[in-house]
Amino acid sequence: MTQKLTPTQMAWRAAQDIADGAYVNLGIGFPEMVAKFQPPGREAIFHTENGILGFGEAPAAGAEDWDLINAGKKAVTIKPGTAFFHHADSFAMVRGGHLDVAILGAYEVAETGDLANWSTGPRGVPAVGGAMDLVHGAKTVAVITDHVTKDGKPKLVQRCSLPLTGVGCVTRIYSSLAVIDIVDGHFVLREKLAAFSVSDLQALTGATLHLDGAVADLDVPAL
Amino acid sequence: MTQKLTPTQMAWRAAQDIADGAYVNLGIGFPEMVAKFQPPGREAIFHTENGILGFGEAPAAGAEDWDLINAGKKAVTIKPGTAFFHHADSFAMVRGGHLDVAILGAYEVAETGDLANWSTGPRGVPAVGGAMDLVHGAKTVAVITDHVTKDGKPKLVQRCSLPLTGVGCVTRIYSSLAVIDIVDGHFVLREKLAAFSVSDLQALTGATLHLDGAVADLDVPAL
Amino acid sequence: MDKTLPDLATAVAGITDGMTVMIGGFGGSGAPIELIHALIDRFLATGHPKNLVVVNNNAGNGHVGLAALIEAGMVAKLICSFPRSADPVVFTERYLAGHIALELVPQGTLAERIRAGGAGIPAFYTPTSFGTDLAKGKPVEVFEGRSYVQERWLKADVALVKAHLGDRLGNLTYRMAGRNFNPLMCMAAATTIVQVSRIVDPGSIDPEAVITPGIFVQGVVEVPNPQQEEDLNRAKAVYPEAAE
Amino acid sequence: MDKTLPDLATAVAGITDGMTVMIGGFGGSGAPIELIHALIDRFLATGHPKNLVVVNNNAGNGHVGLAALIEAGMVAKLICSFPRSADPVVFTERYLAGHIALELVPQGTLAERIRAGGAGIPAFYTPTSFGTDLAKGKPVEVFEGRSYVQERWLKADVALVKAHLGDRLGNLTYRMAGRNFNPLMCMAAATTIVQVSRIVDPGSIDPEAVITPGIFVQGVVEVPNPQQEEDLNRAKAVYPEAAE
Numbered sequence: 001m002t003q004k005l006t007p008t009q010m011a012w013r014a015a016q017d018i019a020d021g022a023y024v025n026l027g028i029g030f031p032e033m034v035a036k037f038q039p040p041g042r043e044a045i046f047h048t049e050n051g052i053l054g055f056g057e058a059p060a061a062g063a064e065d066w067d068l069i070n071a072g073k074k075a076v077t078i079k080p081g082t083a084f085f086h087h088a089d090s091f092a093m094v095r096g097g098h099l100d101v102a103i104l105g106a107y108e109v110a111e112t113g114d115l116a117n118w119s120t121g122p123r124g125v126p127a128v129g130g131a132m133d134l135v136h137g138a139k140t141v142a143v144i145t146d147h148v149t150k151d152g153k154p155k156l157v158q159r160c161s162l163p164l165t166g167v168g169c170v171t172r173i174y175s176s177l178a179v180i181d182i183v184d185g186h187f188v189l190r191e192k193l194a195a196f197s198v199s200d201l202q203a204l205t206g207a208t209l210h211l212d213g214a215v216a217d218l219d220v221p222a223l
Numbered sequence: 224m225t226q227k228l229t230p231t232q233m234a235w236r237a238a239q240d241i242a243d244g245a246y247v248n249l250g251i252g253f254p255e256m257v258a259k260f261q262p263p264g265r266e267a268i269f270h271t272e273n274g275i276l277g278f279g280e281a282p283a284a285g286a287e288d289w290d291l292i293n294a295g296k297k298a299v300t301i302k303p304g305t306a307f308f309h310h311a312d313s314f315a316m317v318r319g320g321h322l323d324v325a326i327l328g329a330y331e332v333a334e335t336g337d338l339a340n341w342s343t344g345p346r347g348v349p350a351v352g353g354a355m356d357l358v359h360g361a362k363t364v365a366v367i368t369d370h371v372t373k374d375g376k377p378k379l380v381q382r383c384s385l386p387l388t389g390v391g392c393v394t395r396i397y398s399s400l401a402v403i404d405i406v407d408g409h410f411v412l413r414e415k416l417a418a419f420s421v422s423d424l425q426a427l428t429g430a431t432l433h434l435d436g437a438v439a440d441l442d443v444p445a446l
Numbered sequence: 447m448d449k450t451l452p453d454l455a456t457a458v459a460g461i462t463d464g465m466t467v468m469i470g471g472f473g474g475s476g477a478p479i480e481l482i483h484a485l486i487d488r489f490l491a492t493g494h495p496k497n498l499v500v501v502n503n504n505a506g507n508g509h510v511g512l513a514a515l516i517e518a519g520m521v522a523k524l525i526c527s528f529p530r531s532a533d534p535v536v537f538t539e540r541y542l543a544g545h546i547a548l549e550l551v552p553q554g555t556l557a558e559r560i561r562a563g564g565a566g567i568p569a570f571y572t573p574t575s576f577g578t579d580l581a582k583g584k585p586v587e588v589f590e591g592r593s594y595v596q597e598r599w600l601k602a603d604v605a606l607v608k609a610h611l612g613d614r615l616g617n618l619t620y621r622m623a624g625r626n627f628n629p630l631m632c633m634a635a636a637t638t639i640v641q642v643s644r645i646v647d648p649g650s651i652d653p654e655a656v657i658t659p660g661i662f663v664q665g666v667v668e669v670p671n672p673q674q675e676e677d678l679n680r681a682k683a684v685y686p687e688a689a690e
Numbered sequence: 691m692d693k694t695l696p697d698l699a700t701a702v703a704g705i706t707d708g709m710t711v712m713i714g715g716f717g718g719s720g721a722p723i724e725l726i727h728a729l730i731d732r733f734l735a736t737g738h739p740k741n742l743v744v745v746n747n748n749a750g751n752g753h754v755g756l757a758a759l760i761e762a763g764m765v766a767k768l769i770c771s772f773p774r775s776a777d778p779v780v781f782t783e784r785y786l787a788g789h790i791a792l793e794l795v796p797q798g799t800l801a802e803r804i805r806a807g808g809a810g811i812p813a814f815y816t817p818t819s820f821g822t823d824l825a826k827g828k829p830v831e832v833f834e835g836r837s838y839v840q841e842r843w844l845k846a847d848v849a850l851v852k853a854h855l856g857d858r859l860g861n862l863t864y865r866m867a868g869r870n871f872n873p874l875m876c877m878a879a880a881t882t883i884v885q886v887s888r889i890v891d892p893g894s895i896d897p898e899a900v901i902t903p904g905i906f907v908q909g910v911v912e913v914p915n916p917q918q919e920e921d922l923n924r925a926k927a928v929y930p931e932a933a934e
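Chains as they are written, first to last, in my numbering: chain A, 1 to 223; chain B, 224 to 446; chain C, 447 to 690; chain D, 691 to 934.
Since the hints were made in silico from the structure, they are not lab data.
It should be emphasised that the depicted structure is a prediction, and the values quoted were computed from it without experimental measurement.
Beta carbons: idealized from backbone N, C-alpha and C, even for Gly.
A couple of the hints might just be wrong.
Said to hold, decoys possible - In silico DSSO-like pairs for lysine-lysine, Cα to Cα no more than 27 Å straight-line: (1) A/36 x A/73; (2) B/297 x C/682; (3) D/767 x A/73; (4) B/296 x C/523; (5) D/926 x A/73; (6) C/584 x D/828; (7) B/376 x B/296; (8) A/74 x D/926.
Unchecked claim - The following label-pair restraints were derived from C-beta to C-beta distances: (9) D/694 x B/264: 29 to 39 Å; (10) A/20 x B/345: 52 to 62 Å; (11) C/655 x D/891: 49 to 59 Å; (12) C/587 x D/823: 44 to 54 Å; (13) D/703 x C/588: 28 to 38 Å; (14) C/686 x D/888: 28 to 38 Å; (15) D/741 x A/3: 20 to 30 Å.
Based on the provided sequences and hints, a complete structural model is requested.
What follows is the structure in structure tokens.
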């Protein structure tokens with residue numbers, strides 16, 4: 001497991017799939033890092049639930065304006081072409097199918113495309129935010145996740161055991177070991193780290209990995 | 224019938240009931256005249272369905288800007304405090320109960336508060352515009368109408384015979400002979416032209432006129 | 447990213463037979479006259495697109511813009527709230543002859559259905575039209591003791607929109623009451639084509655003043671000094687002009 | 691017509707026990723800190739209002755603003771999407787002890803329910819939450835082969851809102867992402883009270899740039915240089931300050 005991708009590397013890999021001019025929402029946490037790795041010559045436009053389209057990078061420390069934050073409550077900046085809008089318009093963009101890509105974190109993803117990423121059960125304070133909205137509407141709903149839990153248990157499963165965020169919503173998974181599409185209720189292995197065989201990966205996955213042609217090497221720079 | 228109020232006089236009477244600062248939508252046609260007769264010291268704010276709040280009077284001929292029109296497609300002007308918005312926001316104001324007064328024309332009004340003002344039947348081209356929305360939401364939904372048709376038939380009736388605009392929506396009628404409230408499914412006579420007795424009026428009305436205390440004189444200047 | 451288009455012909459090139467086309471404007475204000483006329487030009491040259499379903503508040507006035515589109519025989523059905531105008535003869539004749547279908551929708555319901563289409567809301571309830579002929583066949587539900595009619599979203603293949611300023615990212619402003627249905631239609635169409643009076647650099651429009659964020663726009667074409675339907679009709683204009 | 695109010699105490703004077711109060715803001719951005727603190731002042735002086743139902747995206751952070759309102763014991767129930775923050779201890783302790791109720795609503799559904807409340811739409815359908823615990827007990831309907839959850843409007847007795855510029859008619863602008871829920875809450879409350887950084891003359895705000903038209907606003911109070919929750923929390927502020 002020492003060769004698995006870091007969160008930064010997963011973010012890098014996810015960034016390679018974002019087309020020039022794509023409208024993208026990045027979930028709080030790991031997915032936010034995707035913005036740093038846009039390939040040269042491509043410029044995605046980032047949406048944040050709290051009412052900004054086309055925002056820029058974080059300001060220097062001390063230069064923050066706390067009315068100009070992203071959904072993770074981190075300060076951002078404007079750039080030419082930025083637009084502000086209220087929350088109902090913002091979620092019209094989400095729910096109405098106007099985003100090209102939404103990238104979220106995950107506790108579990110099922111081969112059905114079901115996602116669990118908002119609640120680890122009845123204890124503690126539940127919080128959902130925009131996750132349940134984001135899983136509906138974007139043309140690609142992708143997940144960045146470790147392939148297994150800290151205890152080594154599969155996070156890619158037949159059926160989620162944790163409370164669902166959405167049903168049949170995930171289309172692609174960038175895990176720490178592989179890139180997997182969800183097609184017609186199946187995991188389809190697209191790329192894997194060269195150090196792992198398909199059967200190694202299958203052993204770490206809670207549902208059958210299907211093959212659809214060649215599996216490419218998941219080749220990510222050191223970063 | 225020679226002493227009946229003119230449309231201008233009905234509009235004048237309706238204007239007397241509009242409080243300072245009221246938000247008002249005036250239907251196309253006769254109701255539009257209400258704006259001219261705001262009593263001194265009072266200033267209502269006029270809403271038009273096509274996305275203007277707080278518009279001003281008609282511009283001089285030749286000074287029209289055809290992007291600045293009211294729902295009747297007539298040119299208007301802006302004044303300090305005018306706001307523009309799109310049609311969904313405009314009808315949020317209507318449907319959401321934010322208007323104080325809506326004043327419309329009528330073919331028939333029933334004692335139940337039902338209104339018919341958009342269709343004279345299956346022939347011709349039907350057109351509804353914003354009327355069906357306007358009858359819902361405003362705190363006062365008033366009608367300006369001749370008391371009887373050109374043929375002398377009652378327009379204030381037990382039940383409408385023409386296609387309905389709305390059910391149980393009208394709260395007050397400014398007719399050419401009287402001011403009548405609709406309370407709990409009854410016509411309640413509030414004011415009448417002095418030249419008409421209550422029984423004269425009853426004979427011209429298609430449903431029972433109820434009395435609730437004194438009936439005031441409907442006293443309107445010549446104009 | 448550059449959504450600007452070189453000319454009107456390119457702007458309307460993707461519209462094919464049978465499409466549902468939303469056309470912005472309330473009467474003439476905010477009506478994309480030049481885009482409509484470009485579409486008529488294409489039909490006259492190629493015979494397409496035809497059998498269009500058009501969504502607009504009105505049914506055209508005189509012999510320009512939407513009225514001219516109908517007069518050219520390109521429209522199979524109109525979804526609108528108020529098919530009357532100072533000179534509605536084009537629509538009226540075709541409607542009474544049974545050559546064009548009409549779906550009459552209360553104006554606020556029309557606006558909300560279009561917004562719902564853009565916002566991913568397949569259905570909603572409104573008090574509007576309850577108990578009237580326009581509610582016939584629609585589900586009714588009681589909430590808090592009052593009856594409401596269920597209305598469905600409205601989407602389009604293409605929206606033709608008139609805005610004021612636009613940038614290459616598709617951010618838009620409008621002019622006064624020319625805003626009306628335009629921002630809603632931008633949201634509800636798979637492809638939104640906008641004519642703007644001026645294309646400006648990104649950043650020229652204050653981010654606070656953007657009415658339509660670029661995510662709702664696919665193409666922007668510059669039409670300086672756009673025509674106003676009202677002016678054309680006062681001048682008794684006809685589109686296309688009769689051959690000399 | 692003059693909707694301006696002389697001071698914060700007057701602005702919050704009409705809020706009584708048990709009311710539903712919408713409070714604008716997303717985290718600290720657009721949060722009406724001064725209005726909230728004025729409400730706490732009134733509670734400390736009079737014991738009212740209490741048992742409030744508060745609608746906000748979050749549940750407060752640190753010991754100022756919404757967190758301080760909860761800490762003062764004024765809130766019986768919170769309707770929000772994300773009751774976590776850098777320092778959510780005030781809400782978390784009361785919630786886990788059973789002293790405050792929580793209705794968790796997905797963020798987009800929360801926004802749409804508030805808009806629906808303001809727009810006279812008693813219910814609508816959304817794909818959001820279908821098949822999840824948050825859809826339990828809600829009607830489900832299939833449209834065009836996909837399942838949707840019926841959600842109901844959300845209204846309030848009072849909205850406390852932070853805007854940027856305002857005029858005596860109640861027309862408002864906002865600052866950047868401080869807009870968030872504020873314009874929606876203006877629409878959905880019977881009484882909307884707004885703190886603005888500056889009161890300007892009518893006409894000073896471009897009619898094109900008005901975000902909230904005055905019809906949605908009942909009171910406007912000027913609070914120059916408003917505090918930011920984030921700054922207060924970085925300074926470890928507590929409201930009210932402990933007596934010396």
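Indices of hints not satisfied (ascending): 7, 9, 11, 12, 14, 15
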